[in-house]
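> Residue-level listing of the chains:
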Amino acid sequence: MWRVLLLLVIMVLFSGASAVDRRVSLGEVSTALARSSPANPANFEGLDLSYLDLSGLDFRRANLRGANLYGADLSDCDLSHADLSHADLDHALIIRTNFTGADLSDVSMYAAVTTSSLQISGREAPILAGANLEGARIVARLSQANLSGANLKGVQMGADRRLLRTNLFNDLSGSDLTAADLSHADLREVRLAFARLVGAKLLGANLAHSDLFHADLTAADLTGADLSDANLAQAILKDTRGLGSRVQSGAN
Amino acid sequence: MRTEEARSIPRGAGLAAFISIGSAVIVGCLLVPAVPASAQREMVDTALVLAVDVSGSVTPERFALQMEGIARAFEDASVQRAVLSGPHRSTFVTLVEWSNRPAVSVPWTLITDRESARALAARIREARRVDDQFTCMSAALQMIAGKVLPFLPAPAVRTIIDVSGDGHDNCNPAKPVDAVRDELVAAGVTINGLPILEGEEADTLEGWYRNHVIGGQNAFLLPASGFRDFGRAIRAKFVLEISFLARRFLPRSAN
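Listed in order, the protein sequences are those of chains A and B.
Residue 71 in our numbering sits at position 76 of the first sequence, with consecutive numbering throughout.
Position in the second sequence (from 1) plus 15 gives the number in our numbering.
Just so you know, the hints here were simulated from the structure itself, not pulled from any lab data.
Mixed in with the good hints there might be a few duds.
Heads up, incomplete: computed chain A residues facing chain B, CB under 8 Å, no partners named [as the list claims (entries may be wrong)]:
#1 Gly22
#2 Ser25
#3 Thr26
#4 Leu113
#5 Ile115
#6 Gly117
FRET-style restraints, in silico, Cβ to Cβ [to be verified]:
#7 A:Ala106 - B:Arg140: 11 to 21 Å
#8 B:Gly222 - A:Ser20: 25 to 35 Å
#9 A:Ser20 - B:Glu221: 30 to 40 Å
The structure presented is a predicted model; accordingly, all values stated were derived computationally and were not measured.
The beta carbon of each residue, even a glycine, is placed where N, CA and C say it ideally should be.
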């Protein structure tokens, strides 16, 4: 009896795995996109699109919930208002990718590639304005990216011991985080120099050891934020709330 | 919360699926077909992909010669007659420039009369060059299979890829040109070749195109003796390949 039960469990597990990770080809993806319309967006939920060259394709409003996009080339893709929640974007190329208004909650974006050369260029940065990145785990150079109005609540960008042993780091320097919600975000060691954080919510955020050199924190709310050993030199702190006595000398 | 119903990806859809696409499509970005909704059709005679080599050996002058040659061909009365001679009197054309990475320069454009053929010629003259170095034909054919043909706005009686270039694939592709060609041919596509016999590879290029590039029903080669001969060759090639279709629909006595 127990053997039959074991067999049934194995069958259920395997059937579940194939349904979640069904591999699709580039031709299948394009065909689905070609048949889609704004009223009937394409559905790739839970599918395996890893390593595909999807550059330049139009995924507006597509359902990519839980999709495997590991190592996929998403350069120049339009993913605005797409549902990518719980998707795997590790090692994906996101050069000039448009994620405006996309749902990226709980995505994994480890070592995502945002530049085609060693030089960081704002023209190559992905667009994440108004995107929902709540709970996302990110390790990427998002320098000069547009994240205005984005929801980054509880985002995990902090450098842990394992990450510090690599050459990877999170870079938000020069990015536009105007009115973004970074409440309870883990931003330890993150580079935020020259970032525009006007009106941003950083309630309870962990900014320990972060670099906020010349960051514009005008009207930002840092209530309960951990700023221990953060570099706030030349930061603009006009009408900034919740700083208390944690401001280092040199801040404006 | 999503309220719109999402359409599922069809199981088993793939390279062959585009052949049977029944409905017109509207998509964004570079692959948007330049077809007004009112002009969308149930079927066209030919879907023609012009795959033009823009690798490092193609100087600005040579690039201009290629684009001008293609543009003039669509302005040529004999080509226009051939294009409009099929039962559906219509052809979809797209232009893909290829080197390290291929790119769509002119999206799917419908030709139904002389005026639309001339308008296409104007768009081809204005096409922006995608500069790069290598001759990555396998990547170009894979991109056409994966990202261009599936977005054909209406099914075609014949699907033809016109590959022109002055060199062999030099990108050491994981999937050889032959393998990509065979997949396309299996899906019903014809690949014709226009090798430009100028430069270091002129002696061997025609044979390489014959053995590795062309394939499918009525596939043929029409070499140009150099870039300055490209205009003549492409015009002759258009008439030949589109006339294959016209001939099939002519009354038997007219053949």
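> Decide, hint by hint, whether the structure agrees.
Comparing the hints with the structure gives:
| no. | hint | verdict |
| --- | --- | --- |
| 1 | Gly22 | holds (5 Å) |
| 2 | Ser25 | holds (4 Å) |
| 3 | Thr26 | holds (5 Å) |
| 4 | Leu113 | violated (18 Å) |
| 5 | Ile115 | violated (21 Å) |
| 6 | Gly117 | violated (21 Å) |
| 7 | A:Ala106 - B:Arg140: 11 to 21 Å | violated (43 Å) |
| 8 | B:Gly222 - A:Ser20: 25 to 35 Å | holds (32 Å) |
| 9 | A:Ser20 - B:Glu221: 30 to 40 Å | holds (33 Å) |
The structure fails to meet hints 4, 5, 6 and 7 from the earlier list, while all remaining hints are met.
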